[in-house]
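Asks: These are the residues of each chain, in order.
There are 2 protein chains.
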Amino acid sequence: MDLPTIKDLRDAAARLAPHVRRTPLLESDALNAQTGARLLVKAECLQRFGSFKLRGATNCIAAMSPDVRKNGVAAFSSGNHAIAVAAAARTFGVPAVIVMPGDAPRAKTHQVRALGGEVIAYDRVREDREIILGAIARERGLPIVRPFDDPFVIAGQGTCGLEIADDLTALGLAPDVALAPASGGGLASGLALALRDRFPKVEIYPVEPEGHDDLRRSLAAGAIVENAPGVRSICDALMAQRMGDLPFAIGADGFADAIAVSDDSVRAAMRAAFARLKIVVEPGGAAALAAVLSGAIDVRGKTVVVIASGGNVDADVFADVLRDAN
Amino acid sequence: MDLPTIKDLRDAAARLAPHVRRTPLLESDALNAQTGARLLVKAECLQRFGSFKLRGATNCIAAMSPDVRKNGVAAFSSGNHAIAVAAAARTFGVPAVIVMPGDAPRAKTHQVRALGGEVIAYDRVREDREIILGAIARERGLPIVRPFDDPFVIAGQGTCGLEIADDLTALGLAPDVALAPASGGGLASGLALALRDRFPKVEIYPVEPEGHDDLRRSLAAGAIVENAPGVRSICDALMAQRMGDLPFAIGADGFADAIAVSDDSVRAAMRAAFARLKIVVEPGGAAALAAVLSGAIDVRGKTVVVIASGGNVDADVFADVLRDAN
Chain A
1 MDLPTIKDLR
11 DAAARLAPHV
21 RRTPLLESDA
31 LNAQTGARLL
41 VKAECLQRFG
51 SFKLRGATNC
61 IAAMSPDVRK
71 NGVAAFSSGN
81 HAIAVAAAAR
91 TFGVPAVIVM
101 PGDAPRAKTH
111 QVRALGGEVI
121 AYDRVREDRE
131 IILGAIARER
141 GLPIVRPFDD
151 PFVIAGQGTC
161 GLEIADDLTA
171 LGLAPDVALA
181 PASGGGLASG
191 LALALRDRFP
201 KVEIYPVEPE
211 GHDDLRRSLA
221 AGAIVENAPG
231 VRSICDALMA
241 QRMGDLPFAI
251 GADGFADAIA
261 VSDDSVRAAM
271 RAAFARLKIV
281 VEPGGAAALA
291 AVLSGAIDVR
301 GKTVVVIASG
311 GNVDADVFAD
321 VLRDAN
Chain B
1 MDLPTIKDLR
11 DAAARLAPHV
21 RRTPLLESDA
31 LNAQTGARLL
41 VKAECLQRFG
51 SFKLRGATNC
61 IAAMSPDVRK
71 NGVAAFSSGN
81 HAIAVAAAAR
91 TFGVPAVIVM
101 PGDAPRAKTH
111 QVRALGGEVI
121 AYDRVREDRE
131 IILGAIARER
141 GLPIVRPFDD
151 PFVIAGQGTC
161 GLEIADDLTA
171 LGLAPDVALA
181 PASGGGLASG
191 LALALRDRFP
201 KVEIYPVEPE
211 GHDDLRRSLA
221 AGAIVENAPG
231 VRSICDALMA
241 QRMGDLPFAI
251 GADGFADAIA
261 VSDDSVRAAM
271 RAAFARLKIV
281 VEPGGAAALA
291 AVLSGAIDVR
301 GKTVVVIASG
311 GNVDADVFAD
321 VLRDAN
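Same order as they appear, the protein sequences are chains A and B.
Residue 1 is where the first sequence starts when you use the numbering used here, and the numbers rise one by one after that.
Residue 1 is where the second sequence starts when you use the numbering used here, and the numbers rise one by one after that.
Chain A with its partners taken away, still in its complex shape (with noise of 0.2 Å):
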């Protein structure tokens, strides 16, 4: 597959600019103060479904011929990209089929099946996802939308960060250091092509959950190392096994490093966005804040842009966040 270009992210903005919302670049006196720096949060969890996902799913879907599209499209994911792929499906009057974990969040599967998905559950111990996914696209004739090794899916997240930049240039900054939280790495090498092509010398850093720091070893590697299985971490939207190709391919130019933060970090990261910026931001969408907050990165006397890339959270584990405080 060839790597998206900034002409493929330009032409990402022009399809979804129908179906996203642009979201607002945020900042705080508070965390200027705190921090030492001037720091911009992008609040991608006030996007249409409450994640940054939408963006990619429907460029995807969008760039589809009709034709390939017109008995529906698959998907697994456990998450926003779930619901991301139903909301896009649904835009273009087709049928989405999405693999779940039967242990998904039901608040989840019900918004996928509010939106009009067939939702297919299994068992993650004893099945492979992979496997399932791929027999119901055959046996349906269903393209699959990936969550983001797809240079289309990773042109779609582009976008948010060509927002990112429009808004810098209006208010006169030039980024030193843009964050963004990673996983598959999509949203990531999305913002690294988007910003690196307006501002050359910024530093674009992945955040990922501590002992779950894939793209700081494949990055440190030369090459893709997954994570051991097993881990935890509050951040249920950080928990790919491995990085994607496409964004390894891009972030091993496109990244500076790599930077893993830990569960409490994240925690402080989202009672920081309540409180100062008034977003709900989901444990992985904090993640990059967190990097930020809790002095993983220096950032003092610099421009800094962090993406809070999601607000799916249950009311009682946010309610348990901002408890801890005390």
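Everything labelled a hint here was simulated from the structure, so no lab data went into it.
Hints may be right or wrong, so weigh each one.
[What the hints assert, rightly or not] What follows is a set of in silico ranges between Cβ atoms, one per label pair, in the way DEER data are often shown: (1) A:D257 x B:D166: 40 to 46 Å; (2) A:D320 x B:G295: 29 to 35 Å; (3) A:D263 x B:I120: 40 to 46 Å; (4) A:D314 x B:L3: 45 to 51 Å; (5) A:R106 x B:R300: 24 to 30 Å; (6) A:N32 x B:R323: 29 to 35 Å.
[What the hints assert, rightly or not] Which chain B residues stay away from chain A? Per the calculated CB distances, all over 10 Å, these: (7) D67; (8) G93; (9) D176.
These numbers were taken from a predicted model, which means no experiment stands behind them.
Idealized CB from N, CA, C, for every residue including glycine.
Position chain B relative to chain A; hints supplied.
Replies: Just chain B now, kept in the frame of chain A:
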């Protein structure tokens, strides 16, 4: 005092441009489905310092001649207006003296001081804040920034309505109904001036806490009536004893009626804003959304705008509200 005009609102927008954030108009497919309406939520909780109050305070101080404000400004408030005046005074490089009740939330007195404001505490039971404020203002030669009964403050709050009008026009929509939380009536009357200029048929509703429904009773009586003392509500930001003279004069013609909402419906609206819009809304800030979601007003088939006017809520209060759902 003359009533502010649409020109005053436009002048305010020009003055405020460098100092306030243009907040987004959010929408949720789920809330549209739930209400049977096209529901647009002006997320003013994302404003700098967490509420619309920055608009009015900044416009009022910006419009003063440098000679008038040279010794600083004074205000009384237990909440968002206090923070807004301190922030606006800092913008213009002058001191702010804020008279606050001794039992005001520590987070709010702390924030006023962090912004360089001087806090004068008074005893809510034994002392009269008007007398204290008047004495300090005379002694030190400070103009008073009133929370709502001032044409510049109302024009500043009205800029929120101008942004709504522009965003609706860009979406090709004309609103049937618009609702704003109300206490003194500054925001709701500014909204009426802004929206009725562009959309003469729109119905404007201020929304207030049950048992504290002086706006509804004042509009019905054709004269300002006060609230009984001692009423309790979760909406701490909506507890003015009576509405302002200017908001009453604007509202007598500009408001369709006023609506009162229960604490429980406010909590449900805060949860809906959390789950569907991913924004943090304080109790008083959620009153207008509560009126729509509780069915206190029938909006089926209509295009409806509500202002989510602030997000300054303590973490433990917000966690309690989220837990209530169980």
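Asks: Run every hint past the structure and note whether it holds.
Replies: Hints versus structure:
For the pair D257 (chain A) and D166 (chain B), the beta carbons lie near 42 Å from each other, so the given range of 40 to 46 Å is met. For D320 (chain A) and G295 (chain B), the Cβ-Cβ distance of about 31 Å falls inside the hinted range of 29 to 35 Å, so the restraint holds. Under the hint 40 to 46 Å, the C-beta atoms of D263 (chain A) and I120 (chain B), about 43 Å apart, fit the expected range. Between D314 (chain A) and L3 (chain B) the CB atoms are about 48 Å apart, so this pair conforms to the stated range of 45 to 51 Å.
The hint said 24 to 30 Å for the Cβ distance between R106 (chain A) and R300 (chain B), and at roughly 29 Å that hint holds. Here the CB-CB span from N32 (chain A) to R323 (chain B) is close to 32 Å, well matched to the stated 29 to 35 Å. Every CB of chain A lies more than 10 Å from the CB of D67 (chain B), the least distance being 28 Å, so the non-interface label holds. A cut-off of 10 Å between C-beta atoms confirms that G93 (chain B) is not in contact with chain A; the least separation is 15 Å.
Distance check on D176 (chain B): its Cβ is at least 23 Å (rounded) from any Cβ of chain A, clearing the 10 Å threshold; non-interface status holds.
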